[in-house]
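Position in the sequence shown counted from 1, then plus 1462, gives you this note's numbering.
Hints listed in this document are in silico derivations from the structure and should not be mistaken for laboratory results.
Since the model is a prediction, treat every value here as computed from it, not as a measurement.
There could be a bad hint or two in this list.
As the list claims (entries may be wrong) - Below, in silico cross-link-like pairs of lysine-lysine (BS3-like), each with a Cα-Cα straight-line distance of 30 Å or less: (1) LYS1545 with LYS1652; (2) LYS1467 with LYS1563; (3) LYS1545 with LYS1598; (4) LYS1615 with LYS1467; (5) LYS1598 with LYS1652; (6) LYS1526 with LYS1677; (7) LYS1497 with LYS1598; (8) LYS1664 with LYS1675.
Stated by the list, open to error - Ranges of calculated distance between the beta carbons of each label pair, as one might list FRET restraints: (9) PRO1646 with THR1547: 24 to 30 Å; (10) MET1463 with LYS1625: 18 to 24 Å; (11) PHE1678 with LYS1482: 40 to 46 Å; (12) LEU1651 with ASP1584: 20 to 26 Å; (13) ALA1548 with HIS1628: 41 to 47 Å; (14) MET1463 with HIS1641: 27 to 33 Å; (15) LEU1651 with SER1679: 34 to 40 Å; (16) ASP1469 with LYS1536: 37 to 43 Å.
Using N, Cα and C, we set each Cβ at its ideal position, and we do this for glycine too.
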Amino acid sequence: MIFGKIDYINLLPFHLFLKKSSLTNSLKKSCEYKKSYPSNINKQFKKRKIDGAFISSIESRNRKTLPLGIIAKKHVTSVLVKKNTASSNDPHSATSNVLAKVLKVEGRVYIGDNALKLYLEDSKNYIDLAKEWNNKYMLPFVFAILSVNKHLKIYQKLSDNFKNNHIKIPQYILKKYAHERNIPPKEILKYLSLISYKIGVKERRGLNLFLKKAKFSAINTNRIKITKEKIDVSS
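Sequences and hints are given; from them, build the entire structure.
Following this line, the structure appears as structure tokens:
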């Protein structure tokens, strides 16, 4: 069983749960981790090189998904746009790049633990995209969703068990992440309190609304490109 691992702080509780899960020892040993960043995990999942992963919500259409994701209840502090900068994508991202376009927020996009560190250092220079979304639509934002290519029943069981468990992070692991990411332990815990994982009715509404608006935004962008091409040809 090959699971695509995104080694960001926001998935630390799930990875700890996975290690302590009720899977048999033989199955645990066969469970390989393919560690990478979101946009690459999306590609690996699409090529079916991994069996399951939290893939970017923008890539979740027509996929087998489970009601488990990476969700910002209101603000998130790890998906940002830097003010007064030229618009540019984060190469590690998929959903957040599209979200910035949907919200019409201009500037450079940053995601993940690096974004969290930037926010803690100088929050006034950044726009929190989850907060912008919540202010506009009063819905949580689903950044990623657990999706499955193989072993659906196993992942269903894992998903259900994770939702019913409170995962406590051991101090030694917390200190390890704090040292590696150069983020204080108390800030890691504060950040994790902003994240939820269960996709319920509100979360599903937020996800569907985003996918609808992303599709509309893409159509309009393509129309603009076509119009420009026609102008260039005629000139």
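Okay, the hints, checked on the actual structure:
Between LYS1545 and LYS1652 the alpha-carbon distance is near 24 Å, which keeps this suggested pair within the 30 Å criterion. Under the criterion of a C-alpha separation no larger than 30 Å, the hint pairing LYS1467 with LYS1563 is consistent with the structure, at around 27 Å. Straight-line distance between C-alpha atoms of LYS1545 and LYS1598 comes to about 19 Å, which keeps the hinted pair within the 30 Å bound. Proximity of LYS1615 to LYS1467 is assessed by CA-CA distance (about 19 Å); at most 30 Å being required, the pair is judged to hold.
Proximity of LYS1598 to LYS1652 is assessed by CA-CA distance (about 24 Å); at most 30 Å being required, the pair is judged to hold. Using a Cα cut-off of 30 Å, the hinted pair LYS1526 and LYS1677 holds, with the two alpha carbons roughly 20 Å apart. Proximity of LYS1497 to LYS1598 is assessed by CA-CA distance (about 34 Å); at most 30 Å being required, the pair is judged violated. For the given pair, LYS1664 sits about 17 Å from LYS1675 by alpha-carbon distance, which is consistent with the 30 Å threshold.
The given range of 24 to 30 Å is respected by PRO1646 and THR1547, whose C-beta atoms sit roughly 27 Å from each other. At about 20 Å, the CB distance of MET1463 to LYS1625 agrees with the hint of 18 to 24 Å. Between PHE1678 and LYS1482, the C-beta spacing of about 43 Å keeps the proposed range 40 to 46 Å intact. LEU1651 and ASP1584 have their C-beta atoms about 21 Å apart, which keeps the hinted 20 to 26 Å range intact.
Roughly 43 Å separates the CB atoms of ALA1548 and HIS1628, a value that falls within the hinted 41 to 47 Å. For the pair MET1463 and HIS1641, the beta carbons lie near 30 Å from each other, so the given range of 27 to 33 Å is met. Take LEU1651 and SER1679: their Cβ atoms lie about 35 Å apart, and the range 34 to 40 Å holds. A hinted range of 37 to 43 Å is violated for the C-beta pair ASP1469 and LYS1536, which are about 25 Å apart.
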